[in-house]
Structure formats: structure tokens, C-alpha cells
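Protein chains: 2
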Amino acid sequence: MRYSEMFLPTEREVPSDAEVISHQLMIRAGMIRKLTSGIYSYLPLGYRVIRKVEQIIREEMNRAGAEEVYLPMVQPRELWEESGRWTLYGKELLRFKDRHDRESCLGPTHEEVITDLVRHEIKTYRQLPRILYQIQTKFRDEIRPRFGVMRCREFSMKDAYSFDAGEDGVDISYRKMFDAYNRIFTRCGLKFRPVEADTGSIGGSFSHEFMVIADSGEDSIVFCSACDYAANLEKAEVSVPEKGDHQEDVFLPFEEIITPNVKRIEELCSFLHVTPEDIIKTLIYEADDIPVAVLVRGDDEVNEIKVKNYLGCNSLTMATEDMIYDVTGAPRGFAGAVGIKAKIIADYSLMNRTNFVMGANKKDYHIKNVNVGRDFDVNAFADLRIARNTDLCIRCRGALKFARGIEVGHVFKLGEKYSRAMNATYLDQNGKEQFMVMGCYGIGIGRTVAASIEQNHDGNGIIWPLPIAPYHVMITPVNVKDESVRRASESLYFDLSEKNIEVILDERDERAGVKFMDADLVGIPLRVTIGSKKLSRETVEVKIRKSGEVIDVSLEGIVNFITRFIREDV
Amino acid sequence: MRYSEMFLPTEREVPSDAEVISHQLMIRAGMIRKLTSGIYSYLPLGYRVIRKVEQIIREEMNRAGAEEVYLPMVQPRELWEESGRWTLYGKELLRFKDRHDRESCLGPTHEEVITDLVRHEIKTYRQLPRILYQIQTKFRDEIRPRFGVMRCREFSMKDAYSFDAGEDGVDISYRKMFDAYNRIFTRCGLKFRPVEADTGSIGGSFSHEFMVIADSGEDSIVFCSACDYAANLEKAEVSVPEKGDHQEDVFLPFEEIITPNVKRIEELCSFLHVTPEDIIKTLIYEADDIPVAVLVRGDDEVNEIKVKNYLGCNSLTMATEDMIYDVTGAPRGFAGAVGIKAKIIADYSLMNRTNFVMGANKKDYHIKNVNVGRDFDVNAFADLRIARNTDLCIRCRGALKFARGIEVGHVFKLGEKYSRAMNATYLDQNGKEQFMVMGCYGIGIGRTVAASIEQNHDGNGIIWPLPIAPYHVMITPVNVKDESVRRASESLYFDLSEKNIEVILDERDERAGVKFMDADLVGIPLRVTIGSKKLSRETVEVKIRKSGEVIDVSLEGIVNFITRFIREDV
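Those sequence lines, one after another, are chains E and Y.
All you need for the numbering used here is the position in the first sequence, starting with 1, plus 5.
All you need for the numbering used here is the position in the second sequence, starting with 1, plus 5.
Since the hints were made in silico from the structure, they are not lab data.
Any given hint could turn out to be false.
[Stated by the list, open to error] In silico BS3-like pairs for lysine-lysine, Cα to Cα no more than 25 Å straight-line:
{"hint": "1", "chain 1": "E", "residue 1": "LYS39", "chain 2": "Y", "residue 2": "LYS348"}
{"hint": "2", "chain 1": "E", "residue 1": "LYS422", "chain 2": "E", "residue 2": "LYS96"}
{"hint": "3", "chain 1": "E", "residue 1": "LYS346", "chain 2": "E", "residue 2": "LYS367"}
{"hint": "4", "chain 1": "Y", "residue 1": "LYS348", "chain 2": "E", "residue 2": "LYS143"}
{"hint": "5", "chain 1": "Y", "residue 1": "LYS348", "chain 2": "E", "residue 2": "LYS102"}
{"hint": "6", "chain 1": "E", "residue 1": "LYS196", "chain 2": "E", "residue 2": "LYS551"}
{"hint": "7", "chain 1": "Y", "residue 1": "LYS406", "chain 2": "Y", "residue 2": "LYS373"}
{"hint": "8", "chain 1": "E", "residue 1": "LYS96", "chain 2": "Y", "residue 2": "LYS143"}
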């Protein structure tokens with residue numbers, strides 16, 4: 006297109022309400038505009054990128070044998086009652102009444118609708134497996150939308166749902182989607198990693214998040230430096246330490262110490278001249294109304310998801326002041342395992358530790374030289390804490406590494422959760438009624454675009470990976486009033502368009518500097534600068550946005566240069 | 006695709022709640038399923054057709070210089086307050102509160118959002134004209150949704166908006182969209198007609214509806230048999246009769262007649278031995294609180310839109326019993342022009358009439374031999390009635406014809422309605438602030454698909470026009486257990502797929518009759534039947550769905566036959 010005919014309002018100023026770089030650059034490059042809190046309009050340039058990502062997704066979904074459907078956004082309460090989520094889903098589910106006072110919601114996801122559709126149409130195992138997907142708008146009434154389209158309220162998502170006869174089936178469907186996701190994000194030109202994620206009550210390792218690696222990512226991911234194990238931080242398992250000999254001979258005498266005004270771990274360390282590793286924190290939780298003491302090292306953090314999964318409880322919250330007093334006899338801040346009236350579970354890292362420090366269950370007191378076995382017993386050792394960079398891989402005992410990531414996709418084995426609740430059954434080969442086994446698979450489309458920018462940008466703007474770049478080439482005539490420059494630019498524009506290369510001709514009568522700034526900001530992979538001086542030598546200049554490389558190319562060879570560049574990259 | 010791998014649940018039974026044929030066939034052919042009142046899910050086959058129509062629309066919109074955007078569905082109350090529509094729009098506007106108690110609505114259309122976007126980004130005439138479009142979900146809370154996706158609540162629409170500097174500009178944009186719409190519906194393979202539509206208070210002839218011609222259409226359209234004039238029934242103008250000589254010598258004596266129990270025109274005709282043309286109906290309206298008597302012939306119907314436009318009033322309703330009594334001195338049913346206390350406007354068709362019958366403004370009485378000029382005067386003659394098939398074309402006095410149509414598109418010049426209300430201005434060449442002049446242009450996507458079915462079907466099912474057919478070819482092996490049949494079918498399937506021809510291979514182990522019924526129902530343009538008998542003579546049978554023609558084609562020539570057929574039709 007011709008730049009002057011494009012609705013492409015770029016901005017020099019960094020918008021004051023945009024915290025993250027992708028949000029800033031999407032505004033500045035004229036891709037999006039905010040309508041209201043957490044709700045954005047896509048402008049032509051932004052929507053082109055969205056459509057490119059959608060196209061890649063469609064091709065890979067179809068290739069994986071998934072079929073595209075289009076399900077409604079407005080969904081009736083009755084279906085959500087069936088699944089139980091009308092009450093369970095929080096305020097992110099936007100509920101309303103229509104003109105006939107019927108209650109509905111804006112779909113934040115489509116498990117209910119798709120299960121309803123499939124249960125009416127699929128009756129026998131011969132109609133299975135089935136994978137259906139759609140690219141549709143979702144609405145989640147986030148309490149605090151931020152980061153532009155990264156965490157917004159209305160957004161476009163590709164969601165797929167698989168229906169299988171039996172566990173073996175769902176494993177195949179899951180794998181197909183997993184592989185398709187790998188192809189999708191690879192084709193989008195992203196550096197990413199699928200990581201194991203928590204499956205909550207469903208169990209197994211059947212949930213993966215696809216993380217785009219970026220320093221600005223909200224999520225922490227953990228991966229092994231030796232094997233291909235990777236997980237998000239909350240899921241990352243820690244290998245069990247080898248059990249050492251219980252050296253009772255080194256048990257030192259138990260001591261109670263008055264520790265007035267000592268609150269934080271660091272204060273305790275300096276007061277007692279110990280390291281955080283010598284201290285054991287005792288955290289009291291309320292697990293389905295029952296008090297549980299969780300023990301971790303002073304330098305570790307409890308991973309509540311692991312605790313919850315270990316206990317198999319429905320709800321896990323920090324204990325109230327009252328409960329703490331009941332089980333410890335002291336106010337919050339002085340809990341310890343010795344004499345506590347609660348079930349005690351301890352992280353594996355405590356297994357080989359002796360002579361540690363912990364709270365005394367008595368205001369302003371701690372105890373020293375505490376030892377498991379002598380002073381108290383634990384109900385169980387388990388993996389209860391967040392992994393740290395000194396941990397070893399659960400699979401191969403290789404060193405664990407940490408990185409930041411942005412979740413752009415999620416594959417999840419749902420099992421029979423929805424088919425049971427909504428009675429989605431089929432007749433198996435023996436004529437017996439069975440629940441379908443389901444999986445669900447999502448990709449945030451706007452989020453993928455934003456994550457790509459977080460991963461690919463510099464101080465001047467966006468650096469699009471070629472496959473999702475809104476255009477491939479920007480032609481920048483240095484001075485449009487120079488007739489030969491103008492003519493050469495128009496001619497190149499014509500030639501590239503003829504070859505279906507997506508090209509912008511910046512024929513605005515602006516200073517070259519302004520045009521260069523816009524080209525960098527918008528991030529088009531190739532910029533062809535046409536100036537009178539080089540043109541008189543039949544040469545134009547190509548700048549590769551990604552590497553910054555500048556190459557002189559003959560006028561004669563420029564179309565070939567560009568087609569080759571694009572072919573090699575895509 | 007292979008039929009057995011498709012999610013394509015066809016049905017033999019006509020669904021009981023589907024009144025119109027397109028609704029029935031879309032259900033039966035496995036294109037859509039109802040989620041709840043007026044809300045439908047698109048299944049894979051249905052969504053393929055939607056995507057084909059979308060693709061044609063996109064190509065033609067882009068070719069016309071429009072740029073694609075994507076605007077939010079959830080819209081804040083504040084914008085709708087600015088345009089005045091928060092209160093003016095009826096209950097079709099679904100309003101709700103979010104978790105922070107902020108009022109929003111589901112967009113039934115996007116004038117407010119696009120005007121808000123453009124007013125912030127466009128500042129000078131140099132940035133104009135601009136045409137932006139999107140393909141987005143709309144929600145209109147119809148009180149009585151029906152006819153499947155034809156009149157539903159949630160639906161996909163292509164809506165475009167043009168912004169111009171001045172009237173000349175908008176005329177060009179309007180023309181571009183008008184031409185694009187003609188190309189779109191032509192490319193979709195539809196018989197259609199753009200007709201003039203009423204513009205309400207904006208005036209001019211700047212509104213056209215694009216009507217797909219179908220007997221089952223909800224709308225009546227009127228067109229000239231001689232020139233290209235066409236309009237919807239409510240807009241269709243009637244040519245002014247040439248004024249005859251006012252023959253006062255033929256005025257017969259005025260008579261008052263008692264007409265007990267005579268209510269309807271037909272009763273009056275037989276009672277008085279006159280024809281409906283001899284009777285003048287006097288209808289009392291309340292136009293912005295003022296009573297107006299509208300006079301039309303007994304066999305004509307008042308066109309309230311014409312009356313409203315003629316009077317230039319904001320509201321026009323039938324008068325209340327009280328008002329009728331005030332102006333006529335009689336109850337409803339006996340109004341006449343003689344002595345009435347109201348402004349009188351008469352349809353043109355009264356201009357040359359003499360000695361007619363009308364109500365006497367007195368219970369159970371009519372008057373005979375009434376004459377304009379002698380017995381009462383009219384304030385004006387005007388075009389106030391619905392056109393009839395004896396009318397002549399307003400342009401060329403050719404004979405008018407009538408047809409039924411389904412509105413699938415609408416182009417509309419909005420003028421400054423929204424730019425004034427929302428202060429969307431630009432600086433003109435003299436640096437003076439001006440309101441942008443807008444147009445809006447819509448296509449109902451699901452409606453276009455449904456209209457196409459209304460126009461193209463037979464007793465066996467859908468007959469897709471090739472450009473929007475979900476697939477081009479259905480291969481039907483008569484007996485999949487016959488190895489040579491199976492092999493020939495697979496081989497043709499492979500060859501056609503290789504050539505990017507969209508093909509279904511019906512490899513189900515079903516009776517040929519079942520497969521033929523499904524093929525006809527689903528409406529694929531070409532069916533290739535492969536049976537052992539003909540195959541032994543190296544021949545297959547092609548059935549053209551549209552014409553019903555059956556042609557034997559050699560196995561060697563079949564791929565060429567099909568590619569040629571598709572190329573010629575698309």
C-alpha cells in the first residue's frame with residue numbers, strides 16, 4: 006500500500022499508561038487503540054498481524070485434523086449451571102439479563118457450548134475422535150486489566166476441544182495438538198518453550214503451557230540444562246535428596262531463646278548468627294477447615310499448588326489468627342513444629358537437616374538445635390516448595406535453569422470433567438455408554454503478537470519476524486520531489502506488488518529521517534532506501550531491520566534479492 | 006476431506022421449529038445448530054461457507070481501498086451517550102454492568118466506536134478520505150428471533166464506515182462501496198438487485214439496500230420494466246398523474262347516506278354499488294401532537310414513511326380515539342374530509358377524482374358525490390401511499406413490477422449525524438474546522454448465506470453457487486468394499502486434492518442411496534459417482550447439482566472435466 010493512503014497513526018511519545026514495551030510499541034506503531042479499560046480496537050496494521058497469526062493457526066489446526074467451527078459469544082445460564090461453573094466461576098464471568106430477563110454470560114471459554122453441541126450429535130465410538138476449534142472473541146472481566154492486549158478483557162482466542170473414546174484416544178489428540186502448537190509458534194518465528202504446567206485436581210503430566218521466552222515475561226519457567234525437562238515455576242518438581250544417615254550423635258542440646266522484636270528471617274539470622282538455611286519456617290494453612298503446618302527452609306518459599314495437590318484438598322488458605330492461636334498457643338509469627346497441634350508436612354529439603362532454628366510457639370521466642378525425630382515428628386516429607394536454582398532436574402539430576410516467559414498457549418487434558426457434568430456420552434464397541442474424554446487447547450492471539458514484540462524489539466521499535474510481519478518491505482524514497490527517485494520507487498513498488506510481496510511505499514513528502522523513524526518503529530523486515538546519489542549509480546540501499554545490516558543492491562537485482570530473502574526466511 | 010472424518014451431522018427430518026427453507030436446510034445439512042433463542046453455532050460445513058463469503062468481501066473491500074480493522078464488541082455507555090443512542094436505541098441494545106458497575110452494551114453496530122477512533126487520529130483534510138471496515142460479531146436483542154440465522158440475535162456482519170471531507174467526497178466513497186457490493190454479490194453467484202431505500206431524516210437518494218431475489222423474501226421490491234429504477238416498497242415513488250381538467254360540470258349533488266353496520270371497504274362497496282376506487286379513506290394521524298388527515302383511495306394503503314417524510318415530523322402515530330373525536334366529532338371509522346378540524350393532505354391519486362364516497366364524520370353515515378374544491382379543500386397533494394402494480398415509474402413512466410427480496414446489504418450516507426454529535430472534525434484547506442461527512446455500509450454474512458439457499462435449492466436440498474460452495478466436488482464410491490471402486494475413488498481424491506480442488510470423498514460404508522441423498526442435501530456442485538459397472542469401461546458419472554444433468558466422463562478425462570467446470574464457473 007501507499008503510506009499516505011494507510012490509516013497508520015504512529016506516535017513518537019511513549020503513552021503514559023503503557024507499562025510494558027509491547028503495549029507501548031503497539032500504540033506507537035498504530036496497531037491498537039484503547040476503547041475503555043481492557044478493551045482495544047485493532048487498527049489496520051495491528052489487524053494484519055493478527056490475521057497472519059490466525060492464518061498460521063488455521064493451517065496447522067487443519068493439518069492436525071481439527072475442524073473449524075464458530076460458537077456463540079452469548080451463552081445461556083442453563084449450560085453453565087450444568088457444568089457447575091455458573092456459581093464457581095468468579096466475577097470474571099460477565100453475567101447479564103436479556104430483554105426477556107433470561108440470564109446469560111459472555112463466553113470466557115467454550116467448554117459448555119462445545120460439549121452441548123457434541124453430546125447432541127455424537128452417539129457412538131465410530132464418530133470419535135473429533136477435534137473442533139474456533140477463532141473467536143472471549144470476554145473475561147479482569148479486575149485489573151493491564152499491559153495492553155496482554156491482559157485485557159475482550160480478546161481473540163483460538164480454542165480447540167478434543168473428544169475421544171477412552172484415555173488412549175485423548176493422549177493421541179493431545180499429542181496432535183501439542184505438535185501443532187510447536188509448529189505454530191515455530192512458524193510465527195518465536196523463541197518459545199512448552200513447559201509442564203499444573204493440572205490441578207486432574208493429575209498426570211497432561212498440561213503444557215507454551216511460553217515465549219522474554220525477559221519481561223510475567224511467568225517464571227524452569228528448565229533442565231541437560232535434558233528436555235521444562236515446567237513453569239509452580240509446577241517445577243524438585244528431585245528428592247538422597248537420604249543421609251540420621252546422625253543422632255551430632256544433635257546439639259535444644260535451646261529456647263528470647264528474640265524480642267525479631268520478625269524477619271534476616272533479623273533472626275543476624276541475631277542468632279545463622280544463615281537462612283539453618284532456619285525452618287512453619288506456615289499454618291487451613292486445608293478444607295483442617296490446620297496443617299508446612300515446614301520449609303528459611304530461604305525457600307512454599308508452593309501452595311504443590312501443598313494443595315499433595316493434600317488433595319479443595320481449598321487451601323493461610324490460617325486465621327484464631328486458628329494459629331489454637332494450634333500454637335501464640336500469635337502469628339512464632340509458629341514452630343515442636344508441640345504444635347496440627348498435621349505436619351515438611352519439604353524434602355528438611356530430610357537431612359539437623360540442629361535448626363524455628364519458632365517456639367511462644368511470643369518473642371525461638372528455639373535452636375531442633376531436630377526431627379528427637380524434638381518432633383513429621384507426618385510426611387514431600388515436594389512442597391518453589392524450585393530454586395540450586396535444585397537438580399527431577400528427571401536427570403542435571404542443573405536447573407530459570408527464565409522468564411509469556412504464556413501464549415495452553416494444552417490441557419480435561420478428562421471427563423465436562424462430559425460427566427453434562428452427560429456427554431457415546432456407546433462403545435460393546436454398546437456400553439461411556440463418557441467422552443476431552444482435552445482443551447487455547448492460544449491467545451493478541452497475546453502471541455504482544456509476546457512476539459516483547460521478544461523482538463529494540464530502542465527504535467518493533468522487529469517483526471518475517472512470517473507475521475504486517476508487510477515484508479518498506480520502500481523509502483528519500484526525496485519524492487526528485488523525479489528519478491519517484492519513478493524508481495514507483496517502479497519497484499509495482500514490481501514487488503506484482504510478485505505478491507507485501508510492500509509499503511512511503512511516498513509521503515516528509516523528511517527522510519521521519520520516514521526512517523516510522524519504518525523502524527513499525528518494524529518492517531526490509532527497508533529499501535532510494536536516494537538520488539546511489540540511484541545515479543543504479544543502486545539502492547537495503548536495510549535489514551533485524552540485524553541492522555545495510556547492503557547496496559543494484560537496481561537490476563533488487564527484486565531478486567528481496568524474493569530470495571523472503572523465501573529463505575519464511 | 007474424507008466424509009467419515011468430518012463433523013457433518015445431516016438430518017432427514019425437517020426440524021419442527023424451522024419455518025423457512027434456508028433455516029430447515031442449514032439445520033438438515035449440518036451447517037448450524039441452535040444454542041438458544043436467536044443464537045446459533047456454526048458447524049464446520051456452515052463455517053466454510055461463511056469464510057468463503059468473508060473472503061470475497063475482504064478482497065472487494067480491499068480492492069475498493071477500504072482497510073480492515075477490528076473493533077470491540079463490548080462498548081462503554083459514555084460513547085452511546087454522546088451519540089444520543091443510549092436512550093434512543095430500544096431494547097435491542099443489550100445493556101449491562103461490568104464488575105465495577107460500569108455500564109456497557111454489546112455493539113449492535115459500530116458508528117460510535119469508529120467515530121471515536123477516527124476523531125482522535127484524523128486532524129486534517131490531508132488524512133481524508135478514509136474507509137475502514139471490519140468483520141465482527143454483532144448482537145441485537147431481537148424481541149422475536151426467527152428464520153434461523155436470517156433474523157437472529159448474535160450474527161456476523163461486515164460493516165464499513167467512510168469519512169470524507171465534504172459532500173463530494175462522501176459521494177465518491179458511497180459509489181466505491183456501492184460498486185464493491187455489486188461485485189461482492191455477483192461473485193457470490195447471487196441474483197440480486199440494489200434498490201433505493203428510505204433515508205429517513207437525512208434525505209437524498211443516498212441509501213440502497215441490496216436485495217437477493219427470492220419468493221420467500223420478507224421484503225417487497227419494486228422495479229421498472231423499462232429503466233433501471235428499483236426501490237423497496239416503502240421507498241418506491243409514484244409518478245404524479247397529469248393534472249386533468251377540473252370538470253365542475255360533472256359534480257353530482259352531495260348526499261349523506263345512513264350506512265349502519267357497514268365497516269369495511271368491501272361492505273361499503275356492495276352497499277353503495279361502487280368500487281373501492283370510488284371511495285376515499287380518511288386516516289387521522291398524530292404528527293408531533295398535531296392531527297393530520299391523510300386521504301387515499303379505498304384500494305390504496307397509506308405509506309407512513311412517505312407521510313412522515315412529507316410532514317418532516319419526528320413522530321407519526323395513528324390518532325387516539327380522543328383525538329379522532331375531537332377533529333371529527335364521531336368515533337373511529339367514520340372520518341371524512343368534509344368539515345374535519347385537521348390539516349388535510351391527499352395522495353396524488355385523488356387529484357383527478359370526482360364524486361367520491363367518504364366518511365361523514367358522523368356515526369353510521371357516509372357521504373356520496375364528494376368533490377375537492379366544492380366540498381372541502383386539501384392543504385396539499387403528495388405521494389403518500391404504497392405503490393401498486395398499475396403505477397408508472399417515477400423516472401420513465403414505464404410499468405412498475407414487483408418482486409420479493411431478502412435484504413443482505415445496505416449502503417447509507419450518514420452525513421454529519423455522528424460527526425456532529427461526537428465532534429469528529431478536521432481542518433479544511435483553509436484551516437477551518439469542519440465536520441467529517443460519513444457513510445456506513447453493512448453486509449449480513451449469515452444472512453447472505455441463508456438468502457443464497459432461499460434462492461438456490463430444490464426439494465432435495467441446497468444447490469450452492471460454486472463460488473461459495475463449501476466444497477466443489479463430492480466423490481461417491483457406490484460400494485467401498487469393491488476394491489477397484491475404492492482404489493479409483495482414492496486415486497481421484499488424491500488427484501483433485503493435489504490440484505487444490507476442494508473435495509469430499511464419501512468413503513462411508515453406506516448404501517449408495519444414503520450417500521446420494523446426503524450429497525444432494527449438502528448441495529456440492531459436482532458429484533462424481535464411481536460404480537463398478539461403468540468403472541469396468543473406464544468411465545465415471547458426473548452429476549451437476551444445479552442442472553441435474555448426468556454426464557459419463559472417461560476416467561482419464563475426469564480431472565480435466567472438473568477443473569474446466571470450476572474455472573468456467575468461478
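Of the numbered hints stated earlier in the document, which are not met by this structure?
1, 4, 5 and 7
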